[in-house]
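Undergrad: With the hints as extra help, turn the sequences into a complete structure.
Okay, so the sequence shown: first residue is 0 according to numbering that gives the first Met the number 0, each after it adds one.
No wet-lab data here; the hints were simulated from the structure.
Watch out, some of these pointers could steer you wrong.
[Claimed, not checked] Capping the alpha-carbon separation at 25 angstroms, the derived lysine to aspartate or glutamate pairs in DMTMM-like fashion look like this:
| id | residue 1 | residue 2 |
| --- | --- | --- |
| 1 | Lys-438 | Asp-178 |
| 2 | Lys-124 | Glu-154 |
| 3 | Lys-213 | Asp-198 |
| 4 | Lys-243 | Asp-198 |
| 5 | Lys-69 | Asp-430 |
| 6 | Lys-69 | Asp-273 |
| 7 | Lys-388 | Asp-361 |
| 8 | Lys-353 | Asp-287 |
| 9 | Lys-106 | Asp-178 |
| 10 | Lys-106 | Glu-191 |
| 11 | Lys-69 | Asp-248 |
| 12 | Lys-243 | Glu-125 |
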Amino acid sequence: MMTFTKQCGVVTLLITSVLLMAALVVTLGTYRSVFHQIKVAQNEVEGRKAHWLAEGGLECTYSYLRELDKTILEIKEASTRPAHFSDWCSPYDNQPQITISDSVTAKAYIVRSSKRTQSLYKTIKETSQLGRGAIQSTGPIELIGTLSLKPTVKEEPIRGNEYECVSVTFADLLTYQYDSVHGDSGQSLGLEVLDPSADGPFSGFDGVCDSDYKTAIPKASSGSRYSIYAPDSYQGTNPPPFKKDFNPDPNMNPFYTFFGMAKTDQNIVDLSQDTELFKHTILTNATDCATEIMDHFTLGQTQGLWIEGNCYVDTAVVATNNQSQLLVIQDGALALRGAMTYNGVIYHLVDYQKSHVKTRIDNFWKTLAAPNVFAPFIKDIDDASVVKKSVGIQFASGLPSGGLIFDSPQGVTTIVGDMDLDFRAESNPSDPPSSYQWKRGSWNDF
0 MMTFTKQCGV VTLLITSVLL MAALVVTLGT YRSVFHQIKV AQNEVEGRKA
50 HWLAEGGLEC TYSYLRELDK TILEIKEAST RPAHFSDWCS PYDNQPQITI
100 SDSVTAKAYI VRSSKRTQSL YKTIKETSQL GRGAIQSTGP IELIGTLSLK
150 PTVKEEPIRG NEYECVSVTF ADLLTYQYDS VHGDSGQSLG LEVLDPSADG
200 PFSGFDGVCD SDYKTAIPKA SSGSRYSIYA PDSYQGTNPP PFKKDFNPDP
250 NMNPFYTFFG MAKTDQNIVD LSQDTELFKH TILTNATDCA TEIMDHFTLG
300 QTQGLWIEGN CYVDTAVVAT NNQSQLLVIQ DGALALRGAM TYNGVIYHLV
350 DYQKSHVKTR IDNFWKTLAA PNVFAPFIKD IDDASVVKKS VGIQFASGLP
400 SGGLIFDSPQ GVTTIVGDMD LDFRAESNPS DPPSSYQWKR GSWNDF
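TA: Below is the structure:
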């Protein structure tokens, strides 16, 4: 006899299989969506990497020009671009392609950096170093007496024929003090900035100073002092009565803007020993300085004169045979007592932090024969635990028509007298290098 048993497991198995298959289909669909999102995210990451590599290409191009003192013409053509340009940008793996082309604006270039699908560009402007100041000082500077000054100007006018004039650029403390004994009692103002002479700041100039760039300081009472401390006023507003032609700039670098090279010990040695540019003299007797200057420049020498050591001009000097000339006084005191008529630039270069230089200059002031007319003006300033002492004192009337540069960050310079300075570019032998700036309007301007 046969027995039949009811079978129910087939239905359960079938339903389970269908559910598993449905779950598998849903899971596979979800995985496909996840894989798509992962691929999108990867593409986004790669896109952002390419974007920032392209941005890095722009920035390393700019830093190459600024830090290595290069010109844009040196890197404009990819075929003749220096090999070390790529080395400069080596931190950027898989370097972007850099192309440089002219802009519709004069002295402006379009720098384009491309990486895969990303292509970024910015406009870089070439700016002139003209208008750095008829007097420039990296250390504290004092002007005592009366001063009439025709300044330098920036290359482009503010409006019409009105220019941004620059009388004095300074990195530390600047002080003006009227003094009735040493100044001109007949001059109406203590310090007066006049409009530059025609063709004075540069060939073809025929303009005036904008009223915001034209300082006038009354005599007031003898001994009245007016000061600006550059770090406090940098990119701000000058305290009255100074106007914007007095330019506080703690970051000024006159050695580079004048000589076109970094200020290093080796560059200074190489420059001073370049016989095509300079006659180099080491002075052991400071009073021989006037004779050295007269003998060199009155012969019509086209070379500059580089004097190393103390320079004491205690007699009248007339050195006007040349239209343009350069006198460098390195690592010594600059003391002027006799009248000096000189066409050109005087550049006082002092590293007062070197012990032998400090000793040389300090001993010079101490050992001057009585009566020591410089003694009342010798300064000893304790500035934030940094002692800054006098490195230059000049009793002057006519100042050099090519300008004065005092490159002595730890040294104080004092000019005393009834001073007159008519800046003329023809008396300045410098051919200042261009500098570069990004043109504003990029997405990441700061």
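Undergrad: For each hint, tell me whether it holds in the structure or not.
TA: Hints, verified against the model:
| no. | hint | result |
| --- | --- | --- |
| 1 | Lys-438 / Asp-178 | violated (46 angstroms) |
| 2 | Lys-124 / Glu-154 | holds (14 angstroms) |
| 3 | Lys-213 / Asp-198 | holds (18 angstroms) |
| 4 | Lys-243 / Asp-198 | holds (22 angstroms) |
| 5 | Lys-69 / Asp-430 | holds (15 angstroms) |
| 6 | Lys-69 / Asp-273 | holds (21 angstroms) |
| 7 | Lys-388 / Asp-361 | holds (8 angstroms) |
| 8 | Lys-353 / Asp-287 | holds (24 angstroms) |
| 9 | Lys-106 / Asp-178 | violated (46 angstroms) |
| 10 | Lys-106 / Glu-191 | violated (34 angstroms) |
| 11 | Lys-69 / Asp-248 | holds (23 angstroms) |
| 12 | Lys-243 / Glu-125 | holds (23 angstroms) |
Violated hints for the displayed structure, listed by number in ascending order: 1, 9 and 10.
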